[in-house]
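Colleague: Listed below, chain by chain, are the residues.
Protein chains: 6
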Amino acid sequence: MSPTPFARSGGRAPDQLRPIRITRHYTMHAEGAVLIEFGNTRVLCTASVEEKVPPHKRGSGEGWVTAEYGMLPRATHTRSDREAARGKQSGRTQEIQRLIGRSLRAVFDLRLLGERTIQIDCDVIQADGGTRTAAITGAWVAAQDAVATLLAAGKIAASPITGAVAAVSVGIVQCQPLLDLEYVEDVACDTDMNVVMTMDQAGVGHYVEVQGTAEGAAFSRSEMDQLLTLAEKGIAELVLLQQKSLRN
Amino acid sequence: MSPTPFARSGGRAPDQLRPIRITRHYTMHAEGAVLIEFGNTRVLCTASVEEKVPPHKRGSGEGWVTAEYGMLPRATHTRSDREAARGKQSGRTQEIQRLIGRSLRAVFDLRLLGERTIQIDCDVIQADGGTRTAAITGAWVAAQDAVATLLAAGKIAASPITGAVAAVSVGIVQCQPLLDLEYVEDVACDTDMNVVMTMDQAGVGHYVEVQGTAEGAAFSRSEMDQLLTLAEKGIAELVLLQQKSLRN
Amino acid sequence: MSPTPFARSGGRAPDQLRPIRITRHYTMHAEGAVLIEFGNTRVLCTASVEEKVPPHKRGSGEGWVTAEYGMLPRATHTRSDREAARGKQSGRTQEIQRLIGRSLRAVFDLRLLGERTIQIDCDVIQADGGTRTAAITGAWVAAQDAVATLLAAGKIAASPITGAVAAVSVGIVQCQPLLDLEYVEDVACDTDMNVVMTMDQAGVGHYVEVQGTAEGAAFSRSEMDQLLTLAEKGIAELVLLQQKSLRN
Amino acid sequence: MSPTPFARSGGRAPDQLRPIRITRHYTMHAEGAVLIEFGNTRVLCTASVEEKVPPHKRGSGEGWVTAEYGMLPRATHTRSDREAARGKQSGRTQEIQRLIGRSLRAVFDLRLLGERTIQIDCDVIQADGGTRTAAITGAWVAAQDAVATLLAAGKIAASPITGAVAAVSVGIVQCQPLLDLEYVEDVACDTDMNVVMTMDQAGVGHYVEVQGTAEGAAFSRSEMDQLLTLAEKGIAELVLLQQKSLRN
Amino acid sequence: MSPTPFARSGGRAPDQLRPIRITRHYTMHAEGAVLIEFGNTRVLCTASVEEKVPPHKRGSGEGWVTAEYGMLPRATHTRSDREAARGKQSGRTQEIQRLIGRSLRAVFDLRLLGERTIQIDCDVIQADGGTRTAAITGAWVAAQDAVATLLAAGKIAASPITGAVAAVSVGIVQCQPLLDLEYVEDVACDTDMNVVMTMDQAGVGHYVEVQGTAEGAAFSRSEMDQLLTLAEKGIAELVLLQQKSLRN
Amino acid sequence: MSPTPFARSGGRAPDQLRPIRITRHYTMHAEGAVLIEFGNTRVLCTASVEEKVPPHKRGSGEGWVTAEYGMLPRATHTRSDREAARGKQSGRTQEIQRLIGRSLRAVFDLRLLGERTIQIDCDVIQADGGTRTAAITGAWVAAQDAVATLLAAGKIAASPITGAVAAVSVGIVQCQPLLDLEYVEDVACDTDMNVVMTMDQAGVGHYVEVQGTAEGAAFSRSEMDQLLTLAEKGIAELVLLQQKSLRN
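Chains as they are written, first to last, in the numbering used here: chain A, 862 to 1109; chain L, 862 to 1109; chain B, 862 to 1109; chain D, 862 to 1109; chain S, 862 to 1109; chain X, 862 to 1109.
Be aware that one or more of the hints could be misleading.
Same chains, same label: a pair holds when it works inside one copy or across any pair of copies.
What the hints assert, rightly or not - Below, computed lysine to aspartate or glutamate pairings styled on DMTMM-like, alpha-carbon distance capped at 25 Å:
| id | residue 1 | residue 2 |
| --- | --- | --- |
| 1 | Lys1016 | Glu1098 |
| 2 | Lys1094 | Glu898 |
| 3 | Lys1105 | Asp1061 |
| 4 | Lys913 | Asp942 |
| 5 | Lys913 | Glu1093 |
| 6 | Lys918 | Glu944 |
| 7 | Lys1094 | Glu1076 |
In case anyone wonders, no lab produced these hints; they're calculated from the structure.
One chain only, chain A, in its complex shape:
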């Protein structure tokens, strides 16, 4: 339908990720502290080890992994209210932090963690689309660093992390499926989908979460198929970048 494809910033191809940077040990106190950048989107992901579990896990011998998400007031184009000042987290914030927590738990064997909690905090320093997918991707690296401190301290004998997990957004803008939407694309898109996948060593992915929303027109099964294929490609690349950052 659209003879001229949507022009992405920097001449990015429709199936191309933005430049991804993963900086470990970004702050000094947390067991894991990763700054992840998807282009101009920058999220600080910390993983804190706490030697306690929430009530529903007490006495179970199992641990817990949970996440909180926040955005600095001026991470966005116009300033948004500080949630601490308003006295409550928005529905959007709660959705995102629940999603991050579920995504991480999908690759955790909580019995191997023992009765302790890995608390993930994802704070958006600068937003340009895709903050939740960057958060999940960075949180996994921070969690690896936190687990490494537990292993090094002899507190656990084996890593509770069973595999890699990463996330990316995909969407349809002017009939064109695009990978890893930045803000102007997100605003323009008809369909917006966040995909979270595990990836085994053979490069085979499985879905942990798929959240697709028609912002404008509802989307067809064939469009969904294209988006899922695009997402899988992006996640495979992200997982390689995660692995590479851990080797540094």
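Mind docking chains L, B, D, S and X on chain A? Use the hints.
Modeller: Relative to the frame of chain A, chains L, B, D, S and X by itself:
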């Protein structure tokens, strides 16, 4: 893999909906008031017309459709805290009410509604799995009744509702894809997906929302395909039942 | 003063109750689950047994009975805000739920209940005046059903319920004392009184709560006497209907 | 039944009020500022004139009278939590402040007040039973002083106060009806009733509010009659003391 | 610069305190209950002994001293909102109560107190400037009375209070350093400083807290020196008045 | 008293600041966006221009400058609760943000700003003592950048900033006065003072805020004098660094 398929209550087939009942005019004050039952799940969906719009729509000439969701404390097997007494809505409640609102807006032409709001309230009287999908399906019928009162009063000239929307849950239990999960199936399932679709008069569906979550093992592309097919079948049936209830 | 008496809907006599319906086992999860209808007023009363007591009863050997009250947003003529969304219960809601709790405790021997709580939830599905009196009357029936499950399970040896309790509103409209006010009467009345009484097997009533408020002109001692007499007549009838519903 | 009557502190007779003191101009900023003492119960009642009305009165030409109630944390025998620190007012506080507001409005012609608010604040400095009845009785005097400032300033032409209102508690302790309960009597009583009455110049009283609660055994019609008689006697005396304080 | 010095109310000298009154046993329930007046500023300071400590002191063998601060709504010239009704304490309230707590703890040996808490409540009955300094000065006297009850009851063997602490405000108005500002001076001042000092028996003071704020122009080192000298003079006088009140 | 002076990390002299870095344009959306580092303490200070003022300034022709402060949960050694999740800001947070706002306003001519707000947000990325003093020092630079955008856009004709303001902490550790405390020094210190000063072009400083607190022993006048001298030295250096950063 599983030679004996999972036995559903009442001998229900894997691709079979629970008995669906839609009772219009269930209460007397609301412009639309529908009790919808998916088996033992019962949700009261009311649609209220308010002659005002939220700030972001003032002066736009457009209306708004929004939703709130609640559960009576003893709708569930063990009593859950009353959110009004706790002083805040849970993250789960907020996710669901945002989903209902987006789903309804997907089939609304807000310009035709004029500067007024249709406020949907979905209150779960009894819960047995699938409360959010029942809520969306019932809310659409309630919205039709509310729109009918506006048309009858001459406040609007044409219906702002552009098509049908309904929702159903699907999931994989013991390797078996199942349609319309009840509570015990929901607890047992590895993958849980809520699908919201529009359906045109030719019976062709389009996705409004797809929310899939791996509760246990992550799921493959082929499993996802099976679930999407199953959901589309269920939603086509639900849309027929919606239409039928409107003719009574 | 008023030669033509106030005309009640349906030709109801001044000292006549609205049609009362009591439906037990209205929902499936709660130990007691009663839908009570005073005309168009419909309240779902559930009684939940919880094997714990609030702090002030711990270690006392005694149980507790408490109540919460809520109104669905569109139970009323114009939609009222959802208290869970506003983040707090109104003063009116708190007054009513405290009243229901005290009324039920007046007929409970908390020692015979043992260290457990009967949690009453009264949720108004449809409001047309008298929601609090319907709630008390229905809650007593729900409490009986909850106690029956405890007796049947052998958890208690004797019923802790020492007698019947029911409630009705009375008021003066255009100088005419009326029993069981519906909404239009409640709005029009000068004096509004809610009376809660126990009733022994000889039909002798005692007051548990009397709450009279002059909405317009203050009322005289003789008017108060007429109202108390009218209330006692209504409560005697309600107690018979409670007993009858328990025999079904 | 009880051969030896309940002995009251200081040899007070069953139908005798505690020593009542009414100190006007107790603080310097408020338009009306009254310290009222019922024995050891001390409540500071201020009446503030605000040149605005709440939303439901805007443009009506009518004013409003409303009240707030609070208790200093150590007004009581053991310290109670500060409501400002807990972040919400208790149900009891809200009940009381609603009662004070309704009681004052019963003797106000809101049209004569014009579009302004008289805001009553009743703060308990020391509690020994009967804080809400002392508050109502003192608030009326403070309201008189506030009205006097409006008259003196020429802001209103005639007083909007249509008559006197006062309140007292009565109760049955060990089968003995008592007037104006102090704390130890309140704790011991089977029945506790707060009565608010207007009193015209002929000494004829009318009820504004009657709130009776059986704390122990439910009470009979004959006991209610005795309590109402006792309350009327006490209120007649309080109204004389109010009048006397205004002449000083 | 200013040839005519700022004229203070009542002809007060620049380095003169307002009339100070300290009334012990002002209310009957608290272990310490002091009404302190700095001119028209009146603060009720109670000290309550609670046989428990906050979590961070449990099992430490040490006690705790903490404070809360409040202002009656009409303590001020125009009514301020009731913090309990607004549902939160203002930043100003929190700052003040933290200051009072720190000031008192500066003269407490918490080990000698044992595992119990002295809870200070400072409630402003009437405000005319200097409420926080009056509160600290009065709270110390109330704490002495509370400690005396502990000593009398044999609960502690020696007083945990290691010395006197008192507080005063100083400021610069029209280039004139002034001691103990009243409200009109506070509003007019360029610099406002609250000083809290201990005072040993030789009359040598040490600072516990110094909080200086430039309201208008920033202030010089030499102005600061003058203010500190003035404050020390005032605090020495206040400490003598505290001692005198304890001898009565 | 202490023959061996307290050894500071990195061999820092008692009167030496930590390495200070000021990075402008740290994020891309805000009008001013400065990362300031005092050693390991890192605070992101953004200044946002909003074309509206709070109610107390509406119609005044004047603008407003205000600040909010936050700390990322894992900015600290052990994770602290997220204030947005707890639903309220701590007393400490409120004190600090009020201090930052007052400090900035001390060097703003609000009439020259026009009816708009400069909203400062100071978010601590990593904490190692002195977060509030770093925040004030960085916020001033961010405010300069925000003002520059207003000047460049022709919205204001002259800068409303009347001079420089910066802040530093000083304290006494083991009898040794120290400049710019890091965390371990802050914990160990007897006295902790935060000083905010303006500095004119002649290098003459004036106090905007002085907040000194005795953490252990109260401090003498002579100690105070040493601390004030030390603070003035540090602030003079900080102001030079601010100026230098603006020239880059």
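Colleague: Each hint needs a verdict: does it hold in this structure or not?
Modeller: Tested hints:
1. Taking the shortest Cα distances, Lys1016 and Glu1098 never come within 25 Å of each other, neither inside one copy (32 Å) nor across copies (47 Å).
2. Proximity of Lys1094 to Glu898 under the C-alpha cut-off of 25 Å is restricted to the intra-copy arrangement: shortest distance 19 Å within a copy versus 40 Å between copies.
3. Taking the shortest alpha-carbon separations for Lys1105 and Asp1061, only the intra-copy value of 15 Å comes in at or below 25 Å, while the best inter-copy value is 48 Å.
4. With identical chains, the CA atoms of Lys913 and Asp942 are at most 25 Å apart between copies only, with a shortest distance of 14 Å across copies and 32 Å within one.
5. For a Cα distance limit of 25 Å, the shortest separation of Lys913 from Glu1093 qualifies neither inside one copy, at 36 Å, nor across copies, at 44 Å.
6. In this assembly of identical chains, Lys918 and Glu944 lie within 25 Å of each other by CA distance solely across copies; the values are 23 Å between and 29 Å within a copy.
7. Both within a single protomer and between protomers do Lys1094 and Glu1076 lie at most 25 Å apart by alpha-carbon distance, with minima of 23 Å and 23 Å respectively.
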